[in-house]
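Colleague: Each chain is listed here by its residues.
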Amino acid sequence: MVSWAATAEMVAQRWTAGDVPTAYAHNTLTKGAQEARRAAAKLGQAPAAPVAREAQARYAELAVRLARIDAVIADDDGRAAAGLAAGLPAIRLKLDRLQSGCQAR
Amino acid sequence: MKAGKVLQVALGVLTSIGGFLDVGAIATAADAGASFRFELLWVVLVGTICVIFLVEMAGRLAAVSKHSYADAVRERFGFQFYVWPILAEFVVDFLVLGAEIGGVCIALQLLTGVAFQWWAIPVALAIWLTAWLGTFDFIENSVALLGLVTLAFVAGAVVLHPPWGEVAKGFIPSGAPHEPAHYWFIAVSIMGALISPYLLYFYSSGAIEDGWGEKDLTMNRLVAGVGMGFGSLVQMGVLMTAAMVLAPHGIRVDQYGQIALTLVGPFGEWGYYLFAVSLGITCFGACMEQALETGFIVSQALGWNWGESKRPVEAARFTMAYTLSIAASTLLMVVGIDPLKLTLFSMALTAVMLPLVVTPLLVIMNDRHYLGEHTNGWLANGVVGLIIGLTFVMALVAIPLEYLGG
Numbered sequence: 001m002v003s004w005a006a007t008a009e010m011v012a013q014r015w016t017a018g019d020v021p022t023a024y025a026h027n028t029l030t031k032g033a034q035e036a037r038r039a040a041a042k043l044g045q046a047p048a049a050p051v052a053r054e055a056q057a058r059y060a061e062l063a064v065r066l067a068r069i070d071a072v073i074a075d076d077d078g079r080a081a082a083g084l085a086a087g088l089p090a091i092r093l094k095l096d097r098l099q100s101g102c103q104a105r
Numbered sequence: 001m002k003a004g005k006v007l008q009v010a011l012g013v014l015t016s017i018g019g020f021l022d023v024g025a026i027a028t029a030a031d032a033g034a035s036f037r038f039e040l041l042w043v044v045l046v047g048t049i050c051v052i053f054l055v056e057m058a059g060r061l062a063a064v065s066k067h068s069y070a071d072a073v074r075e076r077f078g079f080q081f082y083v084w085p086i087l088a089e090f091v092v093d094f095l096v097l098g099a100e101i102g103g104v105c106i107a108l109q110l111l112t113g114v115a116f117q118w119w120a121i122p123v124a125l126a127i128w129l130t131a132w133l134g135t136f137d138f139i140e141n142s143v144a145l146l147g148l149v150t151l152a153f154v155a156g157a158v159v160l161h162p163p164w165g166e167v168a169k170g171f172i173p174s175g176a177p178h179e180p181a182h183y184w185f186i187a188v189s190i191m192g193a194l195i196s197p198y199l200l201y202f203y204s205s206g207a208i209e210d211g212w213g214e215k216d217l218t219m220n221r222l223v224a225g226v227g228m229g230f231g232s233l234v235q236m237g238v239l240m241t242a243a244m245v246l247a248p249h250g251i252r253v254d255q256y257g258q259i260a261l262t263l264v265g266p267f268g269e270w271g272y273y274l275f276a277v278s279l280g281i282t283c284f285g286a287c288m289e290q291a292l293e294t295g296f297i298v299s300q301a302l303g304w305n306w307g308e309s310k311r312p313v314e315a316a317r318f319t320m321a322y323t324l325s326i327a328a329s330t331l332l333m334v335v336g337i338d339p340l341k342l343t344l345f346s347m348a349l350t351a352v353m354l355p356l357v358v359t360p361l362l363v364i365m366n367d368r369h370y371l372g373e374h375t376n377g378w379l380a381n382g383v384v385g386l387i388i389g390l391t392f393v394m395a396l397v398a399i400p401l402e403y404l405g406g
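Chains as they are written, first to last, in the working numbering: chain A, 1 to 105; chain B, 1 to 406.
Chain B on its own, in the form it takes in the complex:
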C-alpha cells in the first residue's frame, strides 16, 4: 500500500474512533454500567459487530455503484416505498439532533455553570456556521479527530484497575440480574444508539462526497472494521468507568451531570473537564453529521442538488434542509426538555424504525445492477439476515420496554 493510501486509511480509522461516541452512546453505556456493572458489555460487542457489517456494506455500495444508500433505495424500490423509511428517519433525526444539541449544551453548562437552555441558540448557530462554511473533509476530519479526547474513558477504565474476570464475564449474555425491564430497555437502547440508521445514509453519502471508487474497497473495509472496532472500545470505556465509579456508590444515571463523576473518579479535577470537553466535542460532531444527513436524505429523496463540499449557493435547497433541521431541533432544548430523557426516548424510537431502514439493504447488496461482482457473500448475507431479525424483535419490544423500564 502506498504511503498516501496508508495515511488515508489511518485518518479514516482515527476519525471513526474519534467520531464513534455520541450522546446516545454515552448515556446508554453510562446507564448500563451504573445499573448493571459489566453485565451489558455483550450488547456493545454484538452492536459493534452489526454496525461494522452495515457500515462496510454502505461504503461498498457507494464505492461500487456511486449511489448513496438513500439514493439506491429510492431507485430500486420506488419513491412510494422510499418515502416511509425516510419519513421515519426524518422524525428520529429531529429528536436525535435535539438530543445531540442538548449534549453540547450540557457540556457548556458543566464548563460555565450557566443553565443548558441558554446555550441552545448559540450552539445551533455554531453548528449552522460550521456547516455553512466548512467542507465535508474539514467537518469529518477536524471534529472527529478532536473526538479522540474520548479515549480518556478507556484510559480511565484502565487506571481504575477493573476486575478483568468480571469484565470478561460481561461479554457473555447472562440475562438480567435484577430489574429485567430496565436491563432489556438499556440493551435495546444501546443497540439503537449503535445501529443508528443515519450512519448508513451519512457514511454512504460521505463516500460519494469523497469520490470513492472500487480502489477504495480495502480502505472501506479497514475503516469499518478497525475504526468501528476500536471506536466501540471507547463506549466500553464509558460503561466500565460508570460500573466502577457510579455503581459501587448506588448512583444511577438520572441526569447527564452525574455521568461527569465517571472521569472524576480516576482523574480528579482533570476528569471533570475531560468529561465536559469529550461530551461537547462528540455531540458537536454528531450534530454536524445529523444535520447534514437530514439534508442528504431530503435532497436525495426529492432529487435536489446536494453536497457539503459544494458552496451553499450551488446546493441551496440542501442548505435550506439542514438549516431548518437545526432550527427545529434547537427548539426542543429552548423549551427545556430534559436532554437525557430525550436521548433515551430517541434511542428507543430508533430501534422501532430499524427494520424499515435495514431490510432493503439485503436486497440492494445482492443486486448485481448496483454491486456487480461485489455483491454480498454468504457470511455478509447471513449477518444482515440476523441483524434484520434482531431489528424486528427490537422494534416490537422497544416501546413496551420504554414504558416498563425506561
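Just chain A, with the same shape it has in the complex:
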C-alpha cells in the first residue's frame, strides 16, 4: 500500500504538470483505491489486533483520498488535486511506520 500511495502522489503531481493524460491518472488512481479497499476489507476479517485495526483505518483513509483525487482530476481541477496529493506523504509515512513495526515484530 505504501507503493500505491507513492504512485498516486507522483501521478497527481505529473497530471498537474500536464505530463500524463487524465485517463492514465484515472486508471491508476482507481486501481490504487481498489487495492486499498481490498486490503482494508481483508484486514476487517482478521482478528481484532490493534495494529490490524490501525492498518485497516489507514488503508480506508488512503482509498478515500485516492477516490477524491480521482474525482477532482475528472473535474480538471489542478489546484484541488495538488492540495489533496499534498496530504499523501503523511498517509504514506503512517503506512511505512506500520509496515516497519509489523516487520520488526
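These aren't lab readings, by the way, just hints derived from the structure by calculation. Predicted model, so just to flag it, every value in this text is computed and none were measured. Where a beta carbon is used, it is the ideal one built from N, C-alpha and C, also for glycine. There's no promise every hint is true.
Rough simulated footprint, nothing fancy, chain A against chain B, three-plus residues with beta-carbon under 8 Å [said to hold, decoys possible]:
id : region
1  : 103-114
2  : 252-258
3  : 265-271
Given chain A, work out where chain B should sit, using these hints.
Modeller: Showing chain B alone in chain A's frame:
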C-alpha cells in the same frame, strides 16, 4: 568485408538491439530497479553473456548443418526425447505469447485510455495479418528496427545522471540487501526472460529462412555478440530509470502503468508516449516471434512444410499452427488475466524448463556430423556447461521463489 556484407551485419546488429526487449525483459528489469535500485545489474550482465553464447551456437548450427535447433534435437535424440522439451516449450509459448499480447494491449490502453481487454482481439488480428501477409525479412527487419525507439530507456538513464559508482557496484553480486526471496525471484525471472528458449528455436529457424551458410559465421558472431551486447544496454536502461525514478519514491511495480513513470521522470509528457510506443512495438515484435516460433517447432516436430517466407498455401499446417497459437493466447487477455502477473509467472516457468532445452545443445554442438570442423571449443563448452548448471539450479528454485517472493 564487402559493403553489402557490412550493411547486412549492421542491419543484423540493429535488429538485435531493437528486438532485444520484450514484455518479460521490461517487467523484470523495472521490478528489479524499483525494488533493489542497481543491485541486480549483475544478473542482466550474466544473462547477456549466456544468451550471446547460446545464440551464437544456434546460428552456427543452422549455418553449418542447415538444421534448425529443433530439427537437430529431433534427429539426434529421436522423437520420443524431443517431444518433452517441445511440449514444455509449447506451454511456455502459450503463456508468454499471452503476456506479449497483454503488453501491446497495455500500450494501447496507455495511449487511448480504453481498458486493455478490449484491445486483445484487434491486436491478435493485427499479429495474425502481419504473419499472414509478411515475409520473414519484413517482420525481422521492420518491427525490430522500429524497436530502436527503446533506446529511449538508455537516453533516459543518462539524462537522469546516475550515480556511476553505485551503478558499477551493481555489476558485482552482493546478495540481497533486504527481502531475499523477492530479490532471488527477480534474479531468476530476469534470467528466464533473457535466456528464453524460444530464442534458440527462432534464431536458428530464421537463419535457415535467410539461407545462411558457412560464409555467414562471422556475421553470426557479430550479430550475437555486438547486437545482444548492446541490446542488453536497453534492458539495463529500464532497470536504471526505474532505480532512479521509482525507487526513491518507494514505488514498486504492481502493474504496467507504473512503469510508464520511468520515462516520464526524465522526459516529461514525451516520456509517457515514448514508453507506450516502446512497450507496444517491442511486444508486437515479440508476439510475431513467439507465434512464428510455435509454428516452427510444431512443424519441425511433425515434419510439416514450414517457412514464413513461403506463401500460407505452401505451408498450410505451419500457418494453422501459428494461427491457433495466437487465438489460444489471446483468450488469456480476453478473460482479463493481469498481464504483469502472467509475465512474471511465465518468466519463472521458462526458468523451470530451461535445462530440458539447453542440455541437448552441448551434445549437438560437439557432434561433427552436424558441425564438422566448427564444433565447440573448450571455452564454448565450458560456458555451456556453466549455463546448464545454472539452469538446473534455476529450475529447482524458480517455483518456490515464485511462491515466497513473487
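Colleague: Confirm or reject each hint.
Modeller: Quick rundown of the hints versus the structure:
As drawn, the region 103-114 of chain B meets chain A at 4 residues by the rule of a beta-carbon pair under 8 Å; at three or more, the given contact holds. Coverage of the region 252-258 of chain B by chain A holds. Counting CB-CB distances below 8 Å, 5 residues qualify, and the rule asks for three or more. Proximity of the region 265-271 of chain B to chain A, defined as three or more residues with a beta carbon under 8 Å from a beta carbon of that chain, is established by the 3 residues found.
When held up to the earlier numbered hints, the structure conflicts with none and fits them all.
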